[in-house]
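Generate the whole structure from the sequences, applying the supplied hints.
Chains as they are written, first to last, in the working numbering: chain A, 1 to 206; chain B, 1001 to 1268.
Since the hints were derived computationally from the structure, they do not count as laboratory data.
Be aware that a few hints might be false.
[As the list claims (entries may be wrong)] In silico lysine-lysine, BS3-like type, Cα no more than 25 Å apart, as pairs: (1) 1055(B) - 1186(B); (2) 96(A) - 147(A); (3) 73(A) - 147(A); (4) 157(A) - 147(A); (5) 73(A) - 60(A); (6) 131(A) - 1186(B); (7) 96(A) - 1186(B); (8) 1093(B) - 130(A); (9) 1267(B) - 1145(B); (10) 1186(B) - 60(A); (11) 1049(B) - 1267(B); (12) 1160(B) - 60(A); (13) 1093(B) - 1076(B); (14) 60(A) - 96(A); (15) 1055(B) - 1118(B).
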Amino acid sequence: MKNTFIAALLALGATGIHAADPIAFQAEQIFRSSFRADNPRYWMTRLDQDEAMRLCSQYKDNPPAKVRALIEKTQQATIRYPVEGKLIGDWKEGEKLAAVGTGGHIGFIQPDPPGRVRGGNCYACHQLAKKEVAYGTIGPSLQHFGKLRGNSDEIVKYTYDKIYNSNAFTACTNMPRFGLHNWLTPEQITHIVAFLVDPESPVNKD
Amino acid sequence: MQPNLRTALATAALALAGPAFGQGSTMDEIARYREMLADGNPAELLEAKGEELWKKPRGPKNASLEQCDMGLGPGKLDGAYAQLPRYFADTKKVMDAESRLVHCMVSLQGFTEAEATKRWFSKPGQDSDIEALVTYIGGKSNGAKINVPARHPEEARMAKVGEYIFYRRSGPQDFSCAICHGQEGKRIRLQELGNLTTQAGAGTAMSTWPSYRVSQGAVWTMQRRLIDCMRQARWPEPKYLADSVIALEVFLQKTASGTVMQTPGIKR
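Take a look at the structure:
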């Protein structure tokens, strides 16, 4: 899988960025040596890039069509489903997860305390339930998502897949890949899917 | 601080800390604090303290900072901050206001770098000399135009390195600076995010630092701002005065060049 990806990239002339671009090579060194020496090693792995991150950075999030298609295809292949196969969970759980913006902050100044709940932080970027007015606009409004699109198997699968790996549909989107990074578990994603598509969810009421 | 100002600030901080403060935009809220604070930005107190620290003989060499060269010659502070970061021939490095200040504390006053940077930011009940000094140095550029053309090859290189880092995505949320600051008119929750890739956006942002942050009850320097943004990106913690932060500052100041400084600022 990985090898085919790299072979395809080589065919596109899309790798070799460091050899071709001396600034990128220096910038990588400067960036990586800029962190405190007492950051534990497992924190430092957060600076590693997979191929998608590397390509998105290289093209400033606007890759040419061929690279875009390649990223979307390889990201699609990463999607994993919950064991029981049910993609719609409990919208009430999803509602909580959509609101939680904590979790995952590291460092020495203001890290999240150990065990801090981690959520999808969807409101950082999206409008969802009408009653929550403190929503961001980095992503489109998802108010009435289910009301507008229904809850067919196809829509449900798309919604699950989108949250699991946003880049499967839009290479280099600003939306995180929640499932790929194990930020949310497949079960948690099914709850958020329910929050978006369940007719009883506040996203689709009022 | 006048007592009425203190109350106004506490109210402002409370209003901001609430889960949602109505439909009004953050900018309206900030305009309101500006009015409330018309008789004084709390950062001005820090500016005065910074001036005192600048002029006072201190450190093992019992020297003041008055001979410090912030880029325009020893002791020349007017407009210096607006032209930083820049290349310094004596250290052969591109330095920002903070790294240059620390350099002077070491070379002129005899502090070790560790002593000079031990409290590079304040905590409740624990003041930071660096914060005060940088607020003072920044204030000396109030009204000056940001001017970082990055013509020296080392500056040009750092601007490119900064641009590279700005778009570099990594971490468990796939974040880069650009995902939060690369588009017009976006906000995260209710916080408005400028487009730092345009002169207007970078100008609005960069011209108002160092800034008093109402939500933090403290002045933040640009290093503090960028190190916290890296925390928000869920990355590990950079070293204070790290080259990557200075490179980002060169990139941002170059983009912002031409904008008139209005510092110290006041922010959410």
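Which numbered conditions among the earlier hints are violated in the structure presented, ordered from lowest to highest?
1, 3, 8 and 14
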